[in-house]
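2 protein chains.
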Amino acid sequence: MTAIIEPRLPRGMRDILPQKMLQRRYVIGVVERVFERFGFEPLQTPVLELQQTLSGKYGPDAEKLIYDARHREGKEDLALRYDLSVPLSRVVAMNPELVKPFKRYQIAPVWRAERPQKGRYREFFQCDADIVGTSSMLADAEIVAMIFTILRELGFKEFVTKLNNRQVLTALGEYSGVAPALLPGLYRSLDKLEKIGRDGVRAEMLKNEIPDETAKKVLDLTELPVADLNAWREKFREYPIGIQGINELEELVQFAREMGVQAERLQIDLTMVRGLEYYTGPIFETVVTEPKIGSLTGGGRYDGLVGLFSKNSLPATGTSLGIERIIDVMDELNMFPANLPKTVVDVFVTVFDVARRATSLAIAMSLREAGLDAEVWYDFDGLGKQLRYAAARGIPYVVIVGPDEAAANVVTLRDLKTGEQIQVTRGEVANVLKKKIERA
Amino acid sequence: MTAIIEPRLPRGMRDILPQKMLQRRYVIGVVERVFERFGFEPLQTPVLELQQTLSGKYGPDAEKLIYDARHREGKEDLALRYDLSVPLSRVVAMNPELVKPFKRYQIAPVWRAERPQKGRYREFFQCDADIVGTSSMLADAEIVAMIFTILRELGFKEFVTKLNNRQVLTALGEYSGVAPALLPGLYRSLDKLEKIGRDGVRAEMLKNEIPDETAKKVLDLTELPVADLNAWREKFREYPIGIQGINELEELVQFAREMGVQAERLQIDLTMVRGLEYYTGPIFETVVTEPKIGSLTGGGRYDGLVGLFSKNSLPATGTSLGIERIIDVMDELNMFPANLPKTVVDVFVTVFDVARRATSLAIAMSLREAGLDAEVWYDFDGLGKQLRYAAARGIPYVVIVGPDEAAANVVTLRDLKTGEQIQVTRGEVANVLKKKIERA
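Sequence order for the protein chains is U and C.
Just so we're aligned: the first sequence equals residues 0 to 439 in numbering that gives the first Met the number 0.
Just so we're aligned: the second sequence equals residues 0 to 439 in numbering that gives the first Met the number 0.
A hint or two may mislead.
Copies of the same chain look alike in the list, so a pair counts if it works inside one copy or between any two.
Quick list of in silico lysine-lysine cross-link-like pairs, DSBU-like style, CA-CA up to 30 angstroms [what the hints assert, rightly or not]: (1) K416 to K99; (2) K206 to K194; (3) K56 to K74; (4) K434 to K19; (5) K74 to K63.
Hints in this document: simulated from the structure, not taken from any laboratory.
From a predicted model like this one, the values you see are computed outputs, not experimental measurements.
Just chain U, with the same shape it has in the complex (with noise of 0.2 angstroms):
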């Protein structure tokens, strides 16, 4: 005999049993339908990519958090995806055939060596909607009204979009007359502010050798009412890509305000950076206020990544929304319908003995053939075995087939809750099945 392999998993990574993955399937599932209603069609693309297509695309910092994957024979230096946006670019630059605007989602695991921490995993899945081949507003809109659509068929109640626009970003830079090298220093800076206040931020600049002058001055830029966006197109006045990102910030409320989603919703944040370096218009973060939970969703306009891969360069926005977070809040906090199955079986057949097997095999054959989800036993022991089983696994109903039974053509049904029993022929057993599962 071989030695014991101690059964582990990988740091950062795990396994979803089964009652967890039922709650898992119902928020991917009410996602899923939100993005189809918006008009998204699913696309697959395979979890290894070359190294090739993933390199360059994320930044430095991120780029050391991927896998590298080989095959023990092959020659491809091959690479899990970091994020499905990467991919999507590639799947539209090869395939010039797809109708414009390409609108996909795909809902898939990415992997990223993060420190793992509590509802942090280094395999996690991303609910990702992208439109190709558009650069209207409209598009940006769409996707903001979708997430809210999405948060509120989920539960929750109270949450903001904060908004910003690369180009805003760009031209803060130009107008602080910062040094190219320095400037991902600056926003980097400049994106703590809500957390560590402007003498935090400040400090912060200084330690990224931005003189003082320049974090005083764009810091001041910073602190010009963001209601009064006049007053921002008056600074940008030398910077127009400032005042054409100032422009699509407004195009884009008034659209989304033209879909449904209430003016409180929609917070435009000109200091707000998004991590990801591809990014080039407006970038979106939704943050849920009430319940405090954060940020649970983020997004933006990223018009030159397909460009990467084709001459034919498209615009594209998109959004990818952190499941695992999601649910975890939604376990935590007590979000799920109260209906929400411990298991997917609906009635377990037990074995009263050999002589009555035949029968049980048959009424759980019948019953699945009506389309409900039936368990059987596989073995000859004592009912009370049996019902113990059943019930530590969840499942609301059970039907015997004893001798008496058996000998008058019926079953007796049992709801293993409240332990209330009844006698049904055969023939309906299915059907009465039916009408208490609906009512549960």
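Chain U is already provided as a structure; the job is to place chain C on it using the hints.
Just chain C, lined up with the frame of chain U:
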């Protein structure tokens, strides 16, 4: 600007574009529903496993096909899963609290670097259903009955499951008197009996260093009529493991018949060998005979696998459906339902002009609210271009709101297939559409 990176897929991998995804989802939906009707629960395991979890499980030829993975700054030796049974065994060993029998299904990709060819991919989905914790042949029979249910519901007409038992093969090895080192060659040769005939197998065995006399002895044995299992029991008198194997097969057939499987669909084939090394008991392979497309699915009992990860060994049996081949075959043979849509989108809402944009957006949102999958045009193009788009996408219905319609608070609803147009009030359009779609 950086140079354009040629957009390419890794060898043997592919994207699945939306229309194909709808076929795929249909097949996976049928499989998933039948799995659940038979009482299997969903499970998710990570794509990456520790190399030590996979190594030594599949045999040396298979092991060469594994993809290794590693985080760029990480220390763990990882690999992409090769099947779903070894991860299941790891899960069961790590979670002793799981109620037994534990019935789970998993529909997920696995990776094998086989030589790519038509219908064979290096990333492919397996649909696995397994039962852990019972030695009862009822469990094996249930797996066989379930496979039949799936194939029938997918529309396959004629199919047969070949059954053998690894214990019979072990007895056959003992009976042959061949040295253990030569046994794999013996089995591999024997497995080709149906393809290359008696003489072919004899030549093959000679090549595998098996004496001709032994080859003759084994081949004579395989010519015993399968219908007469007593003759086999007689030959295996001194090899009790063979008799046990025969008894199990007899029991399995009886149980499957009690579950409603027709006798002619079960075929005992005592020369069938299945590749994976971990099988220990009954093994099965289902072949579609009309149309003649060969093996679509296989499985078997593997009572030793959990024991490699835990002192508490547990018996297990299950099946693995090769979904890619099923989808390809159904596509070739036109087996998908005639009403399977080309797109998820039910209705396309045109945007007549800037003044009517807000109305179109509101209508699209109200259709979505009503549960319909609706798309709206993002730009301001002529109606002709918008209708051509909807037609190219295969969207069945279009909503048009021009100045006349807007004034009368109605919309024009056009059926793109028939060209038929009706006017309905804005309040009615969702219900009218739902009825049309139901009827289609």
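Homo-oligomer pair classification [K19, K434; C-alpha up to 30 angstroms]: So K434 and K19 pass the 30 angstroms test inside one copy only (26 angstroms; across, 36 angstroms).
Intra- versus inter-copy proximity for K74 and K56 (alpha-carbon distance at most 30 angstroms): Answer is both: 23 angstroms inside a copy and 24 angstroms across each meet the 30 angstroms cutoff.
Within, between, both or neither: K416, K99 at alpha-carbon 30 angstroms: The answer is between: 21 angstroms across copies meets 30 angstroms, while 54 angstroms in one copy does not.
Within, between, both or neither, where K206 and K194 count as close if Cα-Cα is 30 angstroms or less: within (17 angstroms within a copy, 74 angstroms between copies)
Status of K63 relative to K74 across identical chains (alpha carbons, at most 30 angstroms): Both ways: K74 and K63 sit 22 angstroms apart in one copy and 13 angstroms across, limit 30 angstroms.
No hint from the list above goes unmet by this structure.
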